[in-house]
Amino acid sequence: MTRHDDRVDISRRAFIVNGALVVAFATMAPARLLAQKVDTLGTVILAPNLPGSLKSNPFLDAWIKIDDSGITVCTGKVELGTGVRTAMLQIAAEQLSVRPALITLVTADTARTPDEGYTAGSHSMADGGTALFNAAAQVRFLLLTAASSRLGVPVSRLTAKDGEIRADDGRKVTYAEAVKDIQLHRQADATSPAVDPKTFTLIGTSLPRVDIPGKVTGGAAYVQDMRLPGMLHARVVRPPLPGARLKQLDVTAVEKLPGVVRVVVDGDFIGVLADDEWRAIVAARALTRAAGWTAAPALPGYAGIHAALRTLPAKVYPTASRSTAPVSTKPAFTCTHTKQYVQHGSIGPSCAVAQLADGTMTVWTHTQGVYPLRGGLAEMLGVPLDKVHCIHVEGSGCYGHNGADDVAADAALLARAVPGQPVRVQWMRDQEQLWEPYGPAMATDLKATLDDAGNLRDWNFALWSTPHNERIVNAGRLAPATLLAKPFVSAPPVPIPNPEGDADRNAVPPYRIPNLDVTMNFVPEMPFRTSAMRSLGAHINVVSIETTVDELARSVGQDPVDFRIRHLDDPRAVEVIRTAAREFGWPYRGTDDRKAAGFAFSRYKNIMGYFAIAVEVAYDPDTNAVRLLRAVAAIDCGQIVNPDGARNQIEGGILQSTSWTLYEAVDFDEIQVHSNDWSGYPIMRFSQVPDEVSVHIVDRPGLPFLGAAEIAQGPTAAAVTIALSRVMGSPLRDLPLMRHAPFGRT
Amino acid sequence: MIELRVNGVLHQVEAGPETPLLYVLRNDLRMNGAKFGCGMGQCGACTVIVQGKPVFSCVTPLSSIGAREVVTIEGLGTLAHPSPLQASFIAHQAAQCGYCISGMIMRAQALLAANPHPDEATIREHMEPNLCRCGTHMRILAAIRVVAAGEHA
Ligand code: FES
Ligand code: FES
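Quick mapping for you: the protein sequence lines, in order, are chains A and B. Going by full-length UniProt numbering, the first sequence opens with residue 1, and the numbers climb by one from there. Going by full-length UniProt numbering, the second sequence opens with residue 1, and the numbers climb by one from there.
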């Protein structure tokens with residue numbers, strides 16, 4: 001077996017050699033604002049004046065097709081378990097004036113739907129929802145205009161409903177007839193016919209999720225459930241750690257195992273195809289035993305990771321700076337926060353099905369971005385873009401960039417070896433937990449002062465992080481492609497431009513502060529591949545900001561909620577804070593010294609949904625047990641499309657963030673990652689679940705959709721940290737709060 | 001050939017005796033409900049009921065089932081006629097991605113069959129082995145609670 005010796009994956013990452021940190025530097029792309037004409041989700045802006053994703057897909061017929069077979073609505077966004085399919089249906093049905101059941105909704109498919117880049121960053125409603133909202137309104141208006149000429153009556157005398165346009169004299173034209181008189185292949189207009197949100201019958205209602213009945217009755221719902229005729233089952237065998245190289249592998253015995261169709265070895269990429277899933281697993285286990293690997297480069301270890309972060313070469317990005325008042329002469333408050341690597345930890349490990357037929361590689365995938373994945377796969381396979389077809393099929397919830405894209409690459413590589421036959425690749429649990437890109441470890445330093453009146457005066461915040469955005473911009477971002485005998489090189493990491501931000505997402509406090517300095521130290525090379533996980537850097541940044549604000553308020557005897565309100569100018573921010581405080585019963589008057597409360601607020605990315613939360617936690621000093629008892633949240637996400645769907649998202653976000661904050665850390669030492677199953681990476685269980693979680697919605701009919709999927713993560717973590725610090729009597733600054741090395745290992 | 005009784009139907013299965021029940025259900029019998037999550041008895045995504053008891057089908061060899069009856073979520077109810085527990089999960093919209101949900105329903109079903117009116121503490125303790133990453137726990141508990149209280153009966 002031969003391969004190029006300059007092992008790229010390694011040369012990009014930093015390792016400990018003889019006790020010293022070393023890094024081989026790839027040239028950094030110079031500025032984070034390089035990507036002027038490309039949005040943060042990777043799509044090209046063609047029409048900057050249009051609303052939402054119409055900017056990148058300006059033609060109406062990219063979104064809505066009407067013919068004799070009915071109405072088809074296409075969205076480039078995908079269902080990740082957030083209810084987006086139902087919400088998109090509500091929006092399109094509302095604006096087309098039809099029952100949802102009359103619409104066939106097609107989600108991300110490179111042959112059929114608009115390229116909306118990734119379904120990520122709480123953008124689905126703001127971008128995709130807004131695009132559909134406008135496209136559907138414009139199509140409906142065009143249909144009405146066409147019907148008006150057909151029937152010879154003004155639009156004002158027409159009513160559109162459920163696929164028919166009726167005149168007040170009783171004559172009617174169907175949508176399918178009217179559409180023959182108009183051209184839907186036309187650019188959308190910048191503004192759509194106005195609608196009064198009071199007339200909405202679907203937007204703003206809790207339409208039950210269309211996917212849930214099938215999912216609770218054993219329907220085929222996930223890519224894991226696909227069974228194509230003649231489909232083979234495959235498993236991959238990965239190196240024990242990134243950087244280990246294959247020394248020896250004799251596959252002859254494995255090739256003779258029952259059911260084995262093919263063993264594929266290409267460099268360090270190993271896979272086995274079999275006629276049956278269990279036989280594929282048995283064969284993969286035999287391959288694992290047969291393979292000999294070189295030692296992987298040493299890791300910095302759990303305890304040394306934050307020191308390593310601060311030592312490694314970093315690119316410094318000033319994020320915000322202002323100086324509008326004399327510096328305070330009061331003593332400064334300083335603190336340092338840390339966060340460990342975290343895992344997305346999907347319950348269902350990543351899976352994909354691929355088939356090479358008639359020269360086209362079709363891949364069924366639970367990726368967040370079918371178009372970027374298609375680009376990566378085409379480069380990896382050395383074929384033109386139009387020879388790769390990616391179709392989204394749901395997977396287990398992903399919460400960001402998990403193994404979805406990598407397993408799609410596995411499936412494509414293995415399907416290439418058996419032209420014609422569909423191949424299903426399912427990662428095993430340890431592969432998911434060892435090979436998904438982790439959420440980065442981070443560190444922050446904060447220094448703040450008040451003025452004589454007890455108002456915030458100076459704020460200095462610095463943070464250190466590896467990339468939160470190693471999405472698929474080339475083949476080298478796909479892990480299997482880096483293992484091939486001719487390996488691909490991952491593109492150099494570039495942080496997401498502001499205002500969206502990457503590691504520095506929500507690093508700028510939302511409060512009125514005269515002197516402000518916020519800096520991101522972006523560390524491109526680290527032992528673990530890291531990428532997007534729900535809310536990116538906002539998790540620790542909001543913890544840092546909100547715990548500081550809480551301590552500063554208390555240091556001058558002020559209520560932390562009142563203190564926040566005094567420093568905010570945005571009435572929507574104030575309203576969610578007041579709502580959460582009122583519904584919780586703030587100020588907290590608990591008398592049990594084993595219980596305490598915490599409050600936190602942020603506006604996601606400082607430009608999207610508003611979120612305030614109050615929590616009550618209990619701590620038992622005898623057993624060291626902690627539990628979140630009660631969480632009361634308020635949100636403002638603009639016009640709410642589906643209130644129950646938003647509540648479901650927020651409840652989940654609160655529980656997941658609490659789990660991250662209390663328990664979650666990747667356990668690793670110098671030579672090994674121990675978090676390769678649920679015992680090595682515990683997450684919240686039923687005994688740790690709160691008694692009560694309530695979510696109060698401040699609806700804003702007529703205002704833009706802002707998205708809800710990630711807004712709970714930062715403030716929930718902050719409120720839990722504050723409450724726990726209070727009940728324990730000293731500030732807690734290292735995440736996770738309740739689980740630390742040596743993790744019970746001996 | 002091994003005989004296997006699932007949801008009241010007797011099947012002749014070709015799989016080897018050591019094959020975990022999960023793969024027999026999913027591949028030989030082409031059922032979707034039981035899910036692969038960990039393959040190690042750590043998450044409950046694969047939970048089915050064997051002779052009234054919730055088991056992790058991923059670590060249960062086919063040969064160990066014998067004549068005992070296996071019930072999967074396909075055996076509770078259908079899209080048109082969901083069981084009370086399935087109907088309660090739908091009514092509470094107790095799913096986000098939904099990947100864990102079949103396992104949750106089967107574990108809860110085993111409890112309710114043995115103890116139709118469990119209290120809150122019993123429900124939580126019984127559900128402890130099953131993981132949900134989406135944080136749907138509050139709705140899962142609410143859906144079970146309503147059936148446990150007999151409000152759906
Ligand atoms: S898949 Fe069986 S317990 Fe996780
Ligand atoms: S609903 Fe997604 S894992 Fe439970």
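Honestly, the hints are just simulated from the structure, not real lab data. Glycine residues also receive a C-beta, built at the ideal position from the N, C-alpha and C atoms. Fair warning: there could be bad hints in the mix.
To be verified - Interface residues of chain B toward chain A, partial, derived using beta-carbon atoms under 8 Å:
1) Pro17
2) Glu74
3) Thr78
4) Cys132
5) Gly135
Claimed, not checked - Ranges of calculated distance between the beta carbons of each label pair, as one might list FRET restraints:
6) B:Pro17 with A:Asp68: 51 to 57 Å
7) B:Thr122 with A:Lys447: 33 to 39 Å
8) B:Gly41 with A:Thr360: 39 to 45 Å
9) B:Gly52 with A:Thr201: 43 to 49 Å
The hints, checked one at a time:
For B:Pro17, the shortest C-beta to C-beta distance to chain A is roughly 11 Å, which exceeds 8 Å, and the interface hint is violated. Hint status for B:Glu74 relative to chain A: holds, with the closest Cβ pair at about 4 Å, below 8 Å. At about 6 Å, the closest approach between the beta carbon of B:Thr78 and any beta carbon in chain A falls short of 8 Å, and the interface hint on this residue holds. Because the smallest distance between the Cβ of B:Cys132 and any Cβ of chain A comes to about 7 Å, under 8 Å, the interface hint for this residue holds.
With a cut of 8 Å, the hint placing B:Gly135 at the interface with chain A holds, because the nearest CB-to-CB distance is about 3 Å. In this structure, B:Pro17 and A:Asp68 meet the distance hint of 51 to 57 Å, their C-beta atoms being roughly 55 Å apart. For B:Thr122 and A:Lys447, the Cβ-Cβ distance of about 51 Å falls outside the hinted range of 33 to 39 Å, so the restraint is violated. Look at B:Gly41 against A:Thr360: about 41 Å separates their beta carbons, and that is inside 39 to 45 Å.
A hinted range of 43 to 49 Å for the beta carbons of B:Gly52 and A:Thr201 is consistent with their spacing of about 47 Å.
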